[in-house]
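Generate the whole structure from the sequences, applying the supplied hints.
Those protein sequences? They're chains A and B, same order as listed. Reading the first sequence from the start, the letters are residues 1 to 534 in this note's numbering. Reading the second sequence from the start, the letters are residues 1 to 534 in this note's numbering.
Simulated from the structure, these hints should not be mistaken for laboratory data. Just so you know, not all the hints are guaranteed correct.
What the hints assert, rightly or not - With a straight-line Cα cutoff of 35 Å, these simulated DSBU-like cross-link-like pairs (lysine-lysine) come out: (1) A:K154 <-> A:K5; (2) A:K163 <-> B:K473; (3) A:K163 <-> B:K291; (4) A:K291 <-> B:K184; (5) A:K7 <-> A:K473; (6) B:K163 <-> A:K473; (7) A:K42 <-> A:K7; (8) B:K157 <-> A:K291; (9) B:K413 <-> A:K163; (10) A:K157 <-> B:K413; (11) B:K413 <-> B:K7; (12) A:K50 <-> A:K7; (13) A:K4 <-> A:K291; (14) B:K157 <-> A:K413; (15) A:K184 <-> B:K291; (16) A:K291 <-> B:K163; (17) A:K157 <-> A:K4; (18) A:K413 <-> B:K163; (19) B:K163 <-> B:K291; (20) B:K291 <-> A:K157; (21) A:K7 <-> A:K70.
Claimed, not checked - Ranges of calculated distance between the beta carbons of each label pair, as one might list FRET restraints: (22) B:E114 <-> A:E480: 29 to 35 Å; (23) A:N521 <-> B:E114: 32 to 38 Å; (24) B:H186 <-> A:E416: 23 to 29 Å; (25) B:G187 <-> A:K413: 20 to 26 Å; (26) A:F13 <-> B:K157: 56 to 62 Å.
Said to hold, decoys possible - Over the 10 Å line for every Cβ pair with chain B, so calculated as not near, a few chain A residues: (27) F13; (28) E110; (29) E180; (30) G323; (31) G527.
Even for Gly, the Cβ is constructed at its ideal location relative to N, Cα and C.
Number of protein chains: 2
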Amino acid sequence: MADKKLKIVGWGFEGDDISSEEHEMITSRYRERFAGDFEIRKAPTEDAIKVHAPRLEIPSSLAAFATTEKRDRLVHTYGKSVPDYTRIFDGDFTPAPDIVAFARDESDIEAVYEYAAGANVAVIPFGGGSSVCGGVEPEVGGSYNGTISLDLTKLDKILEIDKTSRAARIQGGIRVPAMEEQLKAHGLTMRHFPQSMELATLGGMIATRSGGHYATLYTHIDDFVESLRTVTPVGIMESFRLPGSGAGPSPDRLMIGSEGALGIITEAWMRLQDRPTYRAGGAVLFDDVFKAAEAVRVICQSALFPANVRLLDADEAYNNGFGDGRQSVVILGFENADHPMEPYLERALEIVRDFGGSYDDGSAKSGEGHRAGTAGAWRHAFIRMPYFKTATIEMGIITDTFETSITWERFPKFYEEVMEATRQAALEVTGQPGSVSCRFTHCYPDGPAPYISFQAKGRHGALAEQWLAIKTKALDAVIEHGGTVTHHHAVGREHMPWYARQRPDLFAAALAGAKDRLDPNAILNPGVLLPARS
Amino acid sequence: MADKKLKIVGWGFEGDDISSEEHEMITSRYRERFAGDFEIRKAPTEDAIKVHAPRLEIPSSLAAFATTEKRDRLVHTYGKSVPDYTRIFDGDFTPAPDIVAFARDESDIEAVYEYAAGANVAVIPFGGGSSVCGGVEPEVGGSYNGTISLDLTKLDKILEIDKTSRAARIQGGIRVPAMEEQLKAHGLTMRHFPQSMELATLGGMIATRSGGHYATLYTHIDDFVESLRTVTPVGIMESFRLPGSGAGPSPDRLMIGSEGALGIITEAWMRLQDRPTYRAGGAVLFDDVFKAAEAVRVICQSALFPANVRLLDADEAYNNGFGDGRQSVVILGFENADHPMEPYLERALEIVRDFGGSYDDGSAKSGEGHRAGTAGAWRHAFIRMPYFKTATIEMGIITDTFETSITWERFPKFYEEVMEATRQAALEVTGQPGSVSCRFTHCYPDGPAPYISFQAKGRHGALAEQWLAIKTKALDAVIEHGGTVTHHHAVGREHMPWYARQRPDLFAAALAGAKDRLDPNAILNPGVLLPARS
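This is how it looks when you write it as structure tokens:
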């Protein structure tokens with residue numbers, strides 16, 4: 001694990017590539033879907049990539065853990081968004097950091113802050129590097145003398161486990177698989193699995209308000225945070241470890257979602273769970289997506305708290321290998337470590353029947369239903385998805401997702417308007433119909449979190465601009481119809497224009513006031529959450 | 001309702017007094033509990049109370065909704081804490097506001113801000129007036145020319161109901177009973193019932209991170225807030241109405257718990273629930289309070305989500321009329337609007353048996369268990385409790401409660417140390433043993449929220465100082481052993497010394513930075529959350 005190196009191009013670590021079967025599956029899918037020929041462009045090799053010489057010299061205070069080595073700078077230039085991929089394919093590493101520092105402890109972070117404040121250098125915290133919205137890109141405007149990407153993945157220990165209260169004190173740079181493996185030995189799990197889990201770090205998930213795999217009850221990582229330890233440029237902020245509190249606005253909630261603009265989360269006490277042993281689940285078909293949504297609404301208002309209640313509209317289901325392209329699917333899953341889940345599933349199935357859902361009695365009620373069959377296939381595809389992006393970019397296919405949330409009573413119109421805006425945009429921008437489909441990743445008693453996938457056949461050389469044109473229309477529709485710009489992908493640099501429309505101006509002012517006190521030289525992740533100084 | 005006037009002395013509205021039976025019950029309880037004679041002192045009548053002449057003249061901009069009438073100023077001088085009662089009994093209304101304004105709409109609030117900023121006057125938001133920690137007292141230090149208490153209870157409308165998403169847009173000044181009555185007509189409820197519910201306003205509950213009656217899952221009001229509209233001195237802040245979001249730190253979470261120091265919450269979209277129709281519950285006895293706590297822990301880690309799982313230690317149970325003073329009681333209640341709760345109760349009873357809990361099979365499994373019998377008696381006493389304070393103060397009895405939370409693994413030592421510190425303090429301060437008992441008001445998977453009640457026989461003329469000496473020792477122990485200074489009573493002015501020890505210094509700095517932007521003249525509730533300017 002420790003020796004694994006992040007790829008310069010694509011998802012995951014060097015050596016973890018898609019199989020030839022997967023490559024054939026994904027490329028043939030798009031050859032069938034889109035008309036015309038496909039020009040295949042390959043990303044440049046490391047040697048072929050040119051990057052500007054570092055504008056900074058490593059000071060002696062950082063010499064023990066910082067580097068200006070080309071490969072490290074390339075790896076720390078981008079996250080995993082579409083424009084990240086297109087610039088990598090173009091060999092454009094303009095935003096590359098001048099220095100990459102690998103913090104070994106908090107004093108290393110403090111040393112970086114001290115140097116950065118004195119030398120007028122921007123510091124970009126880098127955890128999993130899996131941002132799909134420009135959160136880790138050292139694009140900070142023209143007012144800094146240079147940039148440091150501060151890699152936190154050496155802060156990768158579980159420091160303490162409290163089995164009684166089911167909590168652990170964990171360093172911010174640990175990745176999800178390493179964390180879960182160690183927790184498993186104690187019969188515990190954080191049970192928070194974003195699609196980025198192979199790369200994602202705990203601190204990064206907290207800083208970006210990550211959403212886990214499970215659909216109800218505990219969705220965002222916010223709920224698992226018991227306390228935080230954050231290193232800011234003016235010192236360390238550490239909250240009491242508490243099950244609940246009413247003592248003023250929550251200190252943790254200011255740091256959760258701060259995206260590296262206020263400080264770096266070096267440790268957290270996280271709430272854990274027992275590993276589930278009881279399961280029940282299955283898949284239900286609906287002819288009408290809005291009836292399916294109604295069923296999901298009622299299930300989510302019943303306090304049954306399914307682990308999964310994932311609505312896939314007909315196109316989304318078909319694209320993921322379920323159904324015939326005319327029916328929507330609702331995947332139901334219940335999990336618990338204490339008591340059997342069949343009664344919960346029975347009640348949920350009664351509800352879906354009320355709304356016209358149909359299911360195969362054998363598969364829907366299998367105890368392993370959500371791991372096997374339809375639901376199991378889904379789980380596998382979910383984890384592999386990020387690996388496919390390189391192959392699609394090679395073909396000139398724009399594939400992206402955006403995610404939002406909306407209250408139930410606005411959902412039907414919201415769905416129609418946002419889907420239509422995205423479809424229109426894909427057609428206008430690329431000259432042929434794109435594929436636009438939707439699923440619910442998370443559901444609340446007051447509304448769903450629709451997650452929209454789109455694919456369009458773009459033009460090499462223009463992919464980034466075509467992508468931006470489609471995404472602009474899509475997010476304009478999201479904001480116009482009252483949805484959030486992001487349910488769990490975070491804001492980063494790419495979502496800032498829409499975040500600015502969603503966020504109350506006075507909250508921006510309050511946040512700026514807080515940042516002034518915590519980061520008085522504005523060295524932390526400039527341009528994220530607040531405009532970079534000009 | 002609209003004609004009811006708040007009492008100057010004691011809980012509730014004029015005319016809502018305790019019965020002679022209740023008076024006899026409460027006074028005889030303390031005559032039995034404490035040795036010696038009891039001097040009965042009555043509070044002064046309104047006529048006998050002297051209050052300083054207003055230092056401010058009502059400006060024309062406020063003339064339509066502001067007053068300097070004596071009774072209004074007296075009612076808006078204090079909340080309901082012990083030192084509030086003792087000063088009222090002493091006829092000491094030194095902190096009385098110079099003006100009381102009854103805002104009819106947001107523009108009235110803006111007019112108050114404008115006047116206050118120009119005239120260097122502090123503005124104290126006043127909702128239910130039920131603060132037990134000095135949250136509404138116009139004690140603002142010497143740097144202001146005067147104070148205005150800004151009463152918000154005329155903002156008392158439900159503006160919109162969305163039955164599909166189960167949410168409503170509600171004004172901040174509405175009291176809980178009026179709100180619930182209107183929601184009931186739609187089959188809905190917010191299902192958030194703090195002990196102060198007869199007086200408490202929605203905006204006040206949000207500003208103080210109120211805790212409801214129910215013990216698990218949705219405890220603090222935080223979870224019910226879908227969006228907020230807040231009037232600050234620099235303008236209006238309004239968040240999108242969203243079921244969930246990951247777009248930066250939550251704007252609402254900064255205002256939730258801001259205790260009137262950052263703005264006034266004039267409207268909120270609140271998440272509602274269907275009215276429960278299925279119930280199951282009962283009471284379980286334990287010989288050992290720590291075994292009882294273990295049972296409660298396991299129930300709270302099982303995802304059964306009881307509406308109530310209220311542990312009363314032996315003294316607390318006895319003081320509330322249950323048991324023989326040697327056994328602890330765990331009150332269990334399950335409620336749901338969708339499906340029967342008996343299976344949930346059955347599983348919880350299996351768990352309590354594992355820890356040696358015993359119960360009467362008939363009463364424990366009654367479908368109305370938590371409303372009838374032991375649990376029903378509890379509910380009634382809970383609501384009446386605040387009415388008894390006047391009678392105890394008349395007798396010179398100090399009765400107070402404080403509430404905290406702590407993780408499970410620290411609970412046994414925390415309980416012993418905090419209880420012992422409080423007992424010792426009561427003995428040292430009053431010369432005879434006090435009564436100190438504990439219950440869990442709320443329970444989380446990672447820890448309980450212990451709520452500690454103490455009664456001590458004080459000395460008229462010294463009650464406030466005796467109370468402070470006991471509470472100081474108690475809260476010192478709470479903070480020293482890692483608990484929160486308040487789980488749901490809020491900070492106010494009285495908890496500031498301990499809040500300052502609990503709150504990270506850098507969060508105080510961030511909060512000060514936010515306040516600078518939202519309340520640049522520092523007119524809002526000075527001394528709450530942040531020190532008043534000197």
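How the hints compare with the structure:
Distance hint between A:K154 and A:K5 is fulfilled; the C-alpha atoms sit about 13 Å from each other, no more than 35 Å. Among the hinted pairs, A:K163 with B:K473 is consistent with the structure: their alpha-carbon atoms are about 31 Å apart, no more than 35 Å. Taking the CA atoms of A:K163 and B:K291, the gap is about 17 Å. The hint holds against a cut of 35 Å. Taking the CA atoms of A:K291 and B:K184, the gap is about 27 Å. The hint holds against a cut of 35 Å.
The suggested pairing of A:K7 with A:K473 holds, with an alpha-carbon distance near 32 Å, which does not exceed 35 Å. Distance restraint check for B:K163 and A:K473: the Cα-Cα separation of roughly 31 Å lies within the 35 Å cut-off, and the hinted pair is therefore satisfied. Distance hint between A:K42 and A:K7 is fulfilled; the C-alpha atoms sit about 15 Å from each other, no more than 35 Å. Using a Cα cut-off of 35 Å, the hinted pair B:K157 and A:K291 holds, with the two alpha carbons roughly 34 Å apart.
Taking the CA atoms of B:K413 and A:K163, the gap is near 17 Å; set against the 35 Å cutoff, the hint holds. A hinted pair counts as satisfied when its Cα atoms are at most 35 Å apart, and A:K157 with B:K413 qualifies at roughly 28 Å. Using a Cα cut-off of 35 Å, the hinted pair B:K413 and B:K7 is violated, with the two alpha carbons roughly 41 Å apart. As the CA atoms of A:K50 and A:K7 are separated by approximately 17 Å, the hinted pair is consistent with the 35 Å bound.
A threshold of 35 Å between alpha carbons decides the hint, and for A:K4 with A:K291 the separation of about 47 Å lies outside it, so the pair is violated. The straight-line distance between the Cα atoms of B:K157 and A:K413 is roughly 28 Å, inside the 35 Å bound, and the hint therefore holds. With a CA separation close to 27 Å, the supplied pair A:K184 and B:K291 stays within the 35 Å bound. In summary, the hint linking A:K291 to B:K163 is supported, as the alpha carbons are separated by about 17 Å, within the 35 Å threshold.
Distance restraint check for A:K157 and A:K4: the Cα-Cα separation of roughly 17 Å lies within the 35 Å cut-off, and the hinted pair is therefore satisfied. Taking the CA atoms of A:K413 and B:K163, the gap is near 17 Å; set against the 35 Å cutoff, the hint holds. Restraint check: the Cα-Cα separation between B:K163 and B:K291 comes to about 43 Å, which exceeds 35 Å; the hinted pair is violated. Note on B:K291 and A:K157: the hinted pairing holds, with a Cα-Cα distance of about 34 Å set against a maximum of 35 Å.
At most 35 Å may separate the alpha-carbon atoms for a hinted pair to count; A:K7 and A:K70 meet this at roughly 13 Å. For the pair B:E114 and A:E480, the supplied restraint of 29 to 35 Å holds, since their beta-carbon distance comes to about 34 Å. Here the CB-CB span from A:N521 to B:E114 is close to 36 Å, well matched to the stated 32 to 38 Å. Range check, B:H186 to A:E416: Cβ separation about 27 Å, and the 23 to 29 Å hint holds.
One distance hint, 20 to 26 Å for the beta-carbon pair B:G187 and A:K413, holds here, with the actual separation near 25 Å. The supplied range of 56 to 62 Å is met by A:F13 and B:K157, whose beta-carbon atoms lie about 58 Å from each other. Residue placement check: A:F13 keeps its beta carbon more than 10 Å from all beta carbons of chain B (closest about 26 Å). The beta carbon of A:E110 is kept farther than 10 Å from every beta carbon of chain B, the shortest such distance being approximately 14 Å.
A:E180, annotated as away from the interface, keeps every beta carbon of chain B farther than 10 Å; the closest lies near 18 Å. Against the 10 Å criterion, A:G323 stays outside the reach of chain B, whose nearest CB is about 27 Å from its own CB. The Cβ of A:G527 sits about 13 Å from the closest Cβ of chain B, beyond the 10 Å cut-off, so the non-interface label holds.
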